Amino acid sequence: MNLEKVIFGFFIVMALTLNFGFFLGEMENPKYHNVYELFVLVVVNLIATGLKLGDRTQIGAILLSTSLVADLQLIAAAVYWTIVVHVTKTGLTPDVTASIVSLSGGALVANIVSVVMVVAETLMLRR
Amino acid sequence: MASPKAGNPVIFIVLREMRTPIIVLICVYAIAILGMALIPGRDGEPMSIFHAFYFVMYTATTTGFGEIPQEFNDAQRIWAIFCLFATVIAWFYSIGAIIRLIQNRFFQLARAEWYFIRAVQRIGKPYYILCGFGDTGSLLARGLSDAGIPAAILDKNEHRIRALDLRDYTVPMPGLCCDASDPKFLVDAGVRSSLCLGVIALTHDEEANLKIAAVSRLLNPDLKIIAMSASAFHEETLATLGSETYFVDPFKVFAKGLGAAIYNPSLYILNEWLSHAKGVSLHTHITLPPPGRWIICGYGRMGRELYKVLSGFGIETAVIDPAPSDHDIDIYIRGRATSKTLKAAGVHKAVGVVAANDDDGLNLSILIHARGIHPDIFMIVRQNRHQNEIAFNAANADIIMQPSLVTARKMLFMLIAPLLKSFFSFLVDKHLYDKGFMNHLLQRLKSKLGDASPQLLTLLMTPQRATALYRAWQQGAAVLLGDILRDPRMREDELAIVPFVLKSKDGTIKFLPDSQVILQPEDELLLCGTESALRLLDSTLNNEYLLYYVVTGRNMPRGYFMRWLRGKLEGDEAVRWPRHQAVT
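Respectively, the protein sequence lines represent chains R and C.
Mapping of the first sequence onto this note's numbering: residues 5 to 131, in sequence order.
Mapping of the second sequence onto this note's numbering: residues -10 to 573, in sequence order.
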């Protein structure tokens, strides 16, 4: 067993599962999409990105870029949420909620790509 | 670089040839438009120049939208008839001029040459120039393509160049139909380019090969030059052209190979196996005839070389040839090889027959005659034309020798595996003292590679070819040859690779180096392995983490954070390359 693989795999899979949980449910209904879940999701994604820094392989570079894509989309969703609730005070109307959830859906795809690549790379090894 | 020409000569020729037609077109249009703009219409006013232009434009192309903007009067109609005929004739004349130009032989040559020069300049990686695309040339081109090396091809025969266009090579192989011994075309093929690795002269004309070699040497002193040659005179001349000049005589190569085969069949099998000869595997076994008389039919270039080799081994040899004998040969039968002359040469008690004429029909008939008289006789037959392959395969000879194939293989080895020659010399020498050595080597190859087809790889340890290894060296690591030949997926397994030669920077050569050898920068390795194993080796040499794993058995943490954490937990040594770890 390899400690690095455990930590690395944990954060990458955690980012995917949390994102899936947040994304699930009626798109326009804010009841299905928890703000704390989004917060944890952003944090876990940022940690996963941090763990990927410093890898000099090609696959490491692609992993880092998919992770950055997920970060970008999730941060955009979080900022949008904050603005509608605290700045414009329009609240989570159906179309605002749909925008936020669709941003997290984009990040979900990036997370899936990350997990697939990590699994594929591990499967190539026979140890 | 090829001498940069001012612009595209093809466009220049087209423009020059189109000068007259274009002026004719402009004049005819101008007259037609002017006439239309001057003739008064139904309302007494002539058309405006714009409307006249519009009318002539669609009339000249026979589109015929009608009488626009208003109905014409008869005077205008008469002029319209003139416009139509004049412009259509002018168009026919112009189009005819273009077609005549395209059909012009010299224009086609200029165009082909221009496209060829551009294609060569676009190759973008090191390449060879191949002069002559016959049987040997096309075999060599196939081999180069398999090794991923492009080539610029010159041949006199237009049909061969057309055939080249239809081949499915993995790398660019631009071809031009021209006389390769003309220096101009060698320059077109980029003989002066820094990307050009060498020139290979394979034309059927010995004088042309010599001229190609000499011209190439003058135009670029650093080139590697390989020429096909079959006479001592040409070889002497070639030898004066400098150190990077080589010549290949197919008959000498084959005679040498045959000599080695008679004394050491394993060596012959190894060579055939490495060159991917059809139907040869490491399990192939050639049963050589017992010592006895050999008959050589045809005392030409191949016959002479074979006679030299066989008599050099002290084998009793008879020769059948129509030409009078000029050498001191014990048994020399004058005449064509027929049942009668074969019997006269003692085919009943002979053990082997060599059909060495330059005529395939004759060789096949010798084969049939000899087999008819003596069914178990060992037959070596020379096949001159590649297209007769089916007939020769059906004839069931013991060894078929194709001069073109022998030359192509030899040259390919010279290009992609220059160390192989010294390896074979080593094997020949070694074999004289150690009889079991070859069998041991074949056993080792068999157990490593199994039935997979072997690939040769010359690996020069440069920062480009082995990025990870260089980084490891910079950090003071010592890496063993055995380490990089471990499987990066599971280091306890070894890759299916057998190292043949290790040549270090100072020129010392180790044959069949063992796994404890420490690698040094700029070492040159000749490896024989399966394609997938060689690809895994390449990934090890270029991926730091894989290299660290195969050398130490531990995984290097990949990210900054993990490396820091590992350093904190297990000490700095855990994230560094081990120094002095190797056994010297």
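If you are wondering where the hints come from, they were derived from the structure by calculation, not from laboratory data.
Here the structure is a predicted model, which means the values were calculated and not measured.
Ideal Cβ positions, reconstructed from N, Cα and C, are used throughout, including at glycine.
Check before you lean on any hint, since a few could be wrong.
Restricting the straight-line Cα-Cα distance to at most 35 angstroms, the calculated cross-link-like pairs of lysine-lysine (DSBU-like) are [to be verified]:
(1) 338/C x 267/C
(2) 267/C x 297/C
(3) 173/C x 9/R
(4) 557/C x 9/R
(5) 173/C x 213/C
(6) 499/C x 435/C
Stretch by stretch, here's where chain C covers chain R in the computed footprint (C-beta under 8 angstroms, at least three residues) [what the hints assert, rightly or not]:
(7) 54 to 64
(8) 121 to 127
In ascending order, which of the hints set out earlier in this document are inconsistent with the structure? The structure conflicts with hints 3 and 8, although it agrees with all the remaining ones.
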